[in-house]
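**Q** Kindly generate the complete structure, drawing on both the sequences and the hints.
Take 4 as the starting number for the sequence shown in our numbering and just add one per residue.
Among the clues, some could well be false.
As a list, the in silico DSS-like pairs of lysine-lysine whose alpha-carbon atoms are at most 27 Å apart [stated by the list, open to error]: (1) 87 to 120; (2) 87 to 182; (3) 81 to 55; (4) 87 to 127; (5) 60 to 197; (6) 197 to 127.
Ranges of calculated distance between the beta carbons of each label pair, as one might list FRET restraints [claimed, not checked]: (7) 173 to 30: 49 to 57 Å; (8) 186 to 104: 28 to 36 Å; (9) 220 to 82: 51 to 59 Å; (10) 161 to 59: 17 to 25 Å; (11) 19 to 111: 26 to 34 Å; (12) 38 to 195: 41 to 49 Å; (13) 175 to 73: 24 to 32 Å.
Everything labelled a hint here was simulated from the structure, so no lab data went into it. Positions of the beta carbon are idealized from the N, C-alpha and C atoms, including for glycine.
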Amino acid sequence: GEWEGLVRAYLATISFVDSQVGRVLDALEENGFQNNTVIVLWSDHGWHLGEKAITGKNTLWDRSTRVPLIFAGPGVAKSSRCSKPAELLDLYPTLSDLAGLPQASGMEGHSLLPQLKDANSPRKWPAITTHNHDNHGIRSEHWRYIRYADGSEELYDMRKDPNEWDNLADAPQFSSIKKEHAVFLPERNLKPVKGSASRILVYEEGFPVWEGQRIHSGDLIPGK
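**A** Here it is as structure tokens:
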């Protein structure tokens with residue numbers, strides 16, 4: 004019954020958020036701001052409910068990294084859905100464009116305005132997720148490529164395998180797909196600040212170290 008309780012709690016939180024969003028939209032309409040306000044709804048991370056034997060977040064798979072992202076308001080096409088990948092880093096440059104403000108220099112995100120006007124507009128950037136030192140996921144429209152700090156890799160065809168069960172990383176016929184995605188891996192990988200411990204995984208002398216404790220093959224991951 005534990006899984007059923009997790010699902011009920013998850014659905015309850017969605018229902019609660021939905022009702023609160025409705026209150027905000029009602030307030031905008033009641034005060035005459037519905038036609039001059041850009042509304043953006045998003046989440047900070049996804050959530051596993053038992054998929055791939057995980058409950059929670061902190062993975063580089065779709066269940067943990069994919070989030071809702073909804074735009075509405077002036078400058079946004081109505082009732083359209085875009086399948087191109089996006090990052091939360093894209094929010095600031097997108098809002099700058101929608102507000103008619105100059106873009107700040109040095110931004111890592113890319114404006115989504117072309118896709119908000121036309122959902123079929125091309126977009127060349129994937130979505131990049133990093134969790135702990137040197138573990139990266141690259142999500143394009145049709146593929147997910149993951150490279151971990153120990154050098155291991157995962158590759159999933161999201162059209163045929165949305166649950167990410169069939170790792171194609173070792174299949175020679177997909178080597179070009181891996182290379183296409185690997186070019187987006189971050190060039191700089193800064194280690195955590197010295198003294199960091201909570202939920203931090205690093206590799207030292209070839210061994211994984213979780214929250215300051217070295218993990219050997221077959222060990223249980225230490226937790227709190």
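**Q** Taking 27 Å as the top limit, are the C-alpha atoms of residue 197 and residue 127 close enough?
**A** Roughly 36 Å between the alpha carbons, so the hint for residue 197 and residue 127 is violated.
**Q** Quick one, are residue 87 and residue 120 close enough, alpha carbons at most 27 Å?
**A** Within the cut-off at roughly 13 Å; holds.
**Q** Taking the beta carbons of residue 173 and residue 30, is their distance inside 49 to 57 Å?
**A** Between residue 173 and residue 30, where Cβ atoms are some 54 Å apart, the hint holds.
**Q** So does residue 175 sit 24 to 32 Å from residue 73, Cβ to Cβ?
**A** violated (40 Å)
**Q** Between residue 87 and residue 182, does the CA-CA distance stay at or below 27 Å?
**A** holds (20 Å)
**Q** For the pair supplied as a hint, residue 60 and residue 197, confirm whether the alpha-carbon distance does not exceed 27 Å.
**A** holds (24 Å)
**Q** Quick one: are residue 186 and residue 104 within 28 to 36 Å, going by C-beta?
**A** Given about 31 Å between the Cβ atoms, the range holds.
**Q** If I claimed the Cβ atoms of residue 220 and residue 82 lie 51 to 59 Å apart, would that claim hold in this structure?
**A** holds (52 Å)
**Q** Is residue 87 within 27 Å of residue 127, Cα to Cα?
**A** holds (9 Å)
**Q** Would you say the C-beta atoms of residue 38 and residue 195 sit inside 41 to 49 Å of each other?
**A** Since the Cβ atoms of residue 38 and residue 195 sit about 46 Å apart, the hinted range of 41 to 49 Å holds.
**Q** 17 to 25 Å was suggested as the range; check whether the CB atoms of residue 161 and residue 59 agree with it.
**A** The hint (17 to 25 Å, Cβ to Cβ) holds, given that residue 161 and residue 59 are roughly 22 Å apart.
**Q** Does residue 55 sit within 27 Å of residue 81, going by the straight-line distance between their CA atoms?
**A** The hint is violated at about 35 Å.
The earlier numbered hints that this structure contradicts are 3, 6, 13.
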